[in-house]
Each structure stands twice: as C-alpha cells, then as structure tokens.
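Chemist: Build the full structure now, drawing on both the sequences and the hints.
Chains as they are written, first to last, in this note's numbering: chain A, 1 to 342; chain B, 1001 to 1335.
In case anyone wonders, no lab produced these hints; they're calculated from the structure. Every residue gets a Cβ at the ideal spot worked out from N, C-alpha and C, and that includes glycine. Hints may contain errors.
[Stated by the list, open to error] Restraint-style ranges between C-beta atoms, simulated for each label pair:
{"#": "1", "chain 1": "A", "residue 1": "Val124", "chain 2": "B", "residue 2": "Thr1038", "range": "32 to 38 Å"}
{"#": "2", "chain 1": "A", "residue 1": "Pro94", "chain 2": "B", "residue 2": "Phe1303", "range": "27 to 33 Å"}
{"#": "3", "chain 1": "A", "residue 1": "Ala157", "chain 2": "B", "residue 2": "Arg1170", "range": "56 to 62 Å"}
{"#": "4", "chain 1": "A", "residue 1": "Leu125", "chain 2": "B", "residue 2": "Lys1163", "range": "47 to 53 Å"}
{"#": "5", "chain 1": "A", "residue 1": "Phe293", "chain 2": "B", "residue 2": "Gln1166", "range": "33 to 39 Å"}
{"#": "6", "chain 1": "B", "residue 1": "Ala1316", "chain 2": "A", "residue 2": "Pro94", "range": "24 to 30 Å"}
{"#": "7", "chain 1": "B", "residue 1": "Leu1046", "chain 2": "A", "residue 2": "Pro100", "range": "53 to 59 Å"}
{"#": "8", "chain 1": "B", "residue 1": "Ala1037", "chain 2": "A", "residue 2": "Gly152", "range": "37 to 43 Å"}
So the chains spell out like this:
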Amino acid sequence: MPGNERPAVRVLAEQRALVTPVILFGVLLIISAWHGPHLFTSDGLAGAVIGAAPLVLATLAITPVALAGPAGVDLSIGPAMTFINIAVVLGLAPLGFSGPAAVFVFAIALGVALEVAMGTLIAVLRVSTVVVTLAVYLVLDGLNTVILPQPGGTAPAWLANWGSASSVLSPILYVPLAAFVLWTLLSRTTFFRNVRLMGANDRTAFVSGVPLIPTRIGAHVIAGVFAGIASVMFTGLIGSADPTAGASYTLSAVTALVIGGASLGGGRAKGLGSVLGAIDIWLISYVLSTFNFGLNASYWVQFATGAVLVAALVTGGIVTGLPARGWWRGRQRGMVPARPGR
Amino acid sequence: MHVGATGQPGLGAFLTEHWSAAMAAAVLVALIGFGAATIDGFWSPLNLRSNLVFASFLGIATIGQTLCALIGGLDLSIPFVLGAANVGLVKLINQGVPSGFGIVIVLALAGLIGAFNGAVSHRLRGQSLVVTLGVGNAVLGLVQILVSSGGVSGISGGTIEGKIPQWIERFSSFKQSIGIAPAVILWAALIVLTVLLLRRTWFGRSLYALGGNPIAAERVLISSRWSWTLVFGASGVTAALTGILLLGYTGSGYAGVGDPYLFTTIAAVLIGGTSLVGGRGGYGLSVLGVLILTVLQTILSGFSLSQAAQEAILGALIIPTIALYARSPHPRLLI
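Modeler: In structure tokens form, the structure reads like this:
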C-alpha cells in the first residue's frame, strides 16, 4: 500500500493524531481573540507561558508512561508534583540550597526516584500501571496534607520571580523549550524505539530481545525527569508550597495527553501532541475565565475538562480508525496482554 | 478451579480453592481482635451499629465496582456520580418534586450515565479508566452548575441546604428503635441479590467468562458490548443509591461527599481478592473487603489519625494486595 500514495497524503496520515489538537488550538485561539483579546498583549502572553508551563511539562512527563503501555495512564502526576513542590520549598530551601542548579537537580532526582519506584513495581510485579499509580496518588495526596496541612512557605526568590510573569522571553519560556528539545532528542534513540515497540506489543518486543523490565523502568526515569521540571515550574507559578493545588493536574494532564493523540493502548504518543494538548487545556480554562461565571467558575472548568476528555476520546477513536467491532482483537494485540486461546 | 495438592477433597483443598476468602476472613478476625484489645468501647452497641451503617454505604457503592472489576474494567466515576446524586436530589426536593419520584429520577439518570460509561469504554477497547474519569468530572461539574443556578437556594462551597424528608433521614439513621438502620437491611438484601446474580444466573456467569477470556466469551455469543453497558449502568445506580443514603445520614447535600469512595471501593474489591484483570472473585469477597476497611478505619480513627493520614496509610496497605491480586502473566507465557 505505501509507495503509491502522494507524499502529502502520507504525511497527513502519519500526523493524523495531531489533527484534533491543532483544530482545537485554532478554535480556542479564535474564541480568545473574540472574547479575551488580553491574551495577545505581551502581559497576556507572559501569563499564558507561566500558566501553561507546569501543565505542558506534566503532560510530557506522563507521555513516556503512555508510550510504554499497556493502558499506561500515570495518575500519580498531580500529587507527585505537589510532593516535590513541598520538598523543595520546605525541605531543600531552608537547608540553604536555594540556587537554580540545586533546585533543579533535587527536584529531578526526587521525580526520578518516585517514578522509578513505581516503574519497578509495575515492571517486576507485572501489575497494571493504573493500579500502582492510583495507590501512589493516594499515598502522596494523603502524605502532602499530613506534612503541610495549610499552604505555606515561600519559593526561592529567583523562582518566584520567574512566576511573576514579567516578560514573555524569560527562563519560564526557555525551560519548557529546552525540555521539548530534550524530548525530541530522546525520541530519536534506539531506547525510545524499544519503549514504543514494547507499548505496541510486549510479546513482539519480548521475542525481539527487548529487555522488558529495564525498558519499562527507563520510560519511568524519563517521566521522572519531566515530572521534576514540571514541579519546579509549578513552584514558580504558585510561589509557595500548597498541599492540594497540584492534585488537579492529574485530570488536566491525562486530558491533554488524550487530546494530543496518544493511544492509551500504548506505543503511540507524540511529544508535540502532548504539548499542544496541554496548551489547549490551558486555553480552555483561559477562555472560560473570560466569561463571567462568578462562583461557578470552578464547576465550569471541571465540566469542560471532563467533557473535552470524553469528546477527545470518542473522536480520537474515530480519527485513528479503531475498529467499531471486535476491540478484543485490539486487546489481543497487546493492549492488555491477552491469555492464550486463539 | 484450583484443586488441592492431593486432589482429594479436604480442608487443604478447600483452603486452596478459597484462599482469598480464607485470608480476608483471617485478616478481618485479626483486625477485630486488635481493635477490641486497643480501642475503648469497640464492642459498644452504638459503635457496632454506626460501623454497620458506614459499611453499608461503602458496601452498596462497591457492588458496582466489583461488577466492573469482574469484566476487567474500573469505574472512577463512582465518587462523582455519588456526589452529583447527593446534591441533585436536594435540588429536586427544593424544587418541590416529591422525594420518592426524585429518587427514581436520580437513579435513572445515574443508570444512563453509567450505561454511557460502559458503552463508550467498550467502544474504546476497554479504556474504562479514562472514560469514567472524564464522564465523572463532566457530570459533577454540570450538576453543580445546574444546582447553583437557582438563586437563593444555590450551592456554595459544594454544599446545598434543603428540607430532607424525614423518611430519608430515618433510613440511614442507626439510632432506631429496631436497633438497626434500614440502610443495613437494604445492603443485606443487595448482598443476597448480587451474589445470586453472579453465581446463579446466565448473565452473572457470562461476566466471569468475559473477564476470564473475552475472545472465547465472544465466540459463545456473549455480547461484550451489552455486558459492559449493563455492568457500568448498574455501577452508576449503586453509586447514586449510596449518594442518597449519605444524604439521609448527613442531612444536607455536599458535592464532595463521594471523594473517599474513589479509593475505598477499589480497595475493598482488591482486599477481598477480586482480580482487577477480570474473571476472578465475587461480591462475597468484596463484602469481606468492606468490613476489613470499616474496622481498619475505626481503629485508625481510634488512634486519632487525621483523614489525610488514614488515606496515606490505606494507600500504602493496598500495594501488597495489588501484588497478590492484580498481576498479569509474563509475555513469555502468551506467545
């Protein structure tokens, strides 16, 4: 079949996962231009960059886990970011290590440690990602409130300054850009190809000699790096430590991941899609904030995020051409390792 | 079915076959012993009665989660549907809808929402987790918008006041002359019904077939789509029912009332020994899980641990049970 198609058609077919986030992006930009033109001022753009940066990085963090499949949804990302946030503000800064290098190294190390712990459980025990990350979600969410019952502390001055959104061209823009470049470089490695193969079909990967356990843990290492950076951005955004503010990042990041065209079956996810999906989610909450919903604003955001997630799931299923019948065959292809019997 | 090492029926064979149940029962007995030894007033009638009421709330919500787990799905919309039913019913009653009719409306809507969950999850090759997460948030957000758009009787901070009919309050109250709350009797009836449904009906057995081997189940003409739709629909109904019972217990509507049930329903299923991969377990086991969680919560509260600390401890306790009941086979065995 390939070969007799025109290149443009093939490019479009390869990039079809990006159709949904790009269209949504365009629509949201038009609505913003009509109803919230403040976005297109330099202040508005600077606010957008700092507002969206934590979510962009959180979505990049859960993307390798989704790639590694099967059904690799990392639910722990919100409380994990909060946990690192609290550790940086209340644990690291009072010890005198408050420079950028110390904060980034510490946050990334903690993120990697958390993700490797989960990845090891998932890979060695062969337990579903969802169950492990849900348990870790609860442990960390409870622990965050135990450590810090009320929001408190202050972020290091340089980081709080990043969060004050004084200009568009600031480190808060460069860090996500650098993270995206890092992602692009990583996604060209053989290791990443192994992760994709394992996610698409772990049996094929196994017989092809892909070491399943190290590959899965490696995917979580990458997730941990981005989770750490996401948490630094989050700390800059809120300027303090907050035990509950981060938990909602789980829903937003999963929604952004799905909008970005990641296949929850594993093996298919794009960094660019995840970034666009995250920007879309931020734009949705921005657009909603331009309407005068008063006390109802948070309910509208909750409703819109949930509804967009469902809509993206349904249309995404159609765009990427899931078979209408016989999804069990998809299951047999390695989404959930099927039992012998065919 | 497992057969004992000797192949002969006997205590060993019985324990091998029912080892999840035996283990859960042993844990329950040990916890009760520990609670009785360390907590003052553990055996007091008031404590037992209130614990049974709490167990019945969790138990009814867990019916849906157990059914979903048996076919290999998970319902994360339970806390949201539960909260939506809780505040939605208050709003309906405030609008002058008769309470009985209002309950029927709420249960029917919750059933439809659940059915949508099931149908879409099935269409998306069993991605029930993300579907139910999205649907749940959309539903609770929408219901809160609708409930709060009513002027003075609006919602604030997620709570809504209203005149709850006395019969709803009495239904969940453990300070009854008969000594036991009607909600507990309802739970007992639902236990019998659910266990009979799963063990004695064609539909119940087909759920095990579907969870055990979906391809084989489809070959014997079990409709996976219908099973998913019906099972998730039932889960919506049991979640809403729990929300209504909780409304009777607390006396006012609160949208966040379901929050603990996201975790506890899954924990009860896992601790009982129903596999999250599907096909193995049953509601009887989940009842043991519910009782274990209830006793454990009494003990943790007895040590005056905060809600957050309890959440962290229960989350940490769940990981070992995952290692027992939620493992998939090695790819090597599937080639």
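Chemist: Does the beta carbon distance between valine 124 of chain A and threonine 1038 of chain B stay inside 32 to 38 Å, or does it fall outside?
Modeler: About 35 Å separates the Cβ atoms of valine 124 of chain A and threonine 1038 of chain B, which means 32 to 38 Å holds.
Chemist: Just tell me: holds or violated, for the beta carbon distance of phenylalanine 293 of chain A and glutamine 1166 of chain B against 33 to 39 Å?
Modeler: Given a distance of about 36 Å, which is inside 33 to 39 Å, the answer is holds.
Chemist: Holds or violated: 24 to 30 Å for the Cβ distance of alanine 1316 of chain B and proline 94 of chain A?
Modeler: Hint holds: Cβ distance 27 Å, inside 24 to 30 Å.
Chemist: Starting from the range 27 to 33 Å, see whether the pair proline 94 of chain A and phenylalanine 1303 of chain B falls in it by beta-carbon distance.
Modeler: Check passed, 30 Å falls within 27 to 33 Å.
Chemist: Check the following: the C-beta atoms of alanine 157 of chain A and arginine 1170 of chain B are separated by a distance inside 56 to 62 Å.
Modeler: holds, 59 Å
Chemist: Is 37 to 43 Å a correct range for the gap between the Cβ atoms of alanine 1037 of chain B and glycine 152 of chain A?
Modeler: Because 39 Å falls inside the window, the suggested range holds.
Chemist: Check the following: the C-beta atoms of leucine 125 of chain A and lysine 1163 of chain B are separated by a distance inside 47 to 53 Å.
Modeler: holds, 52 Å
Chemist: Range hint 53 to 59 Å: satisfied by the CB atoms of leucine 1046 of chain B and proline 100 of chain A?
Modeler: holds, 58 Å
Comparing the model with each earlier hint shows no violations; every hint is respected.
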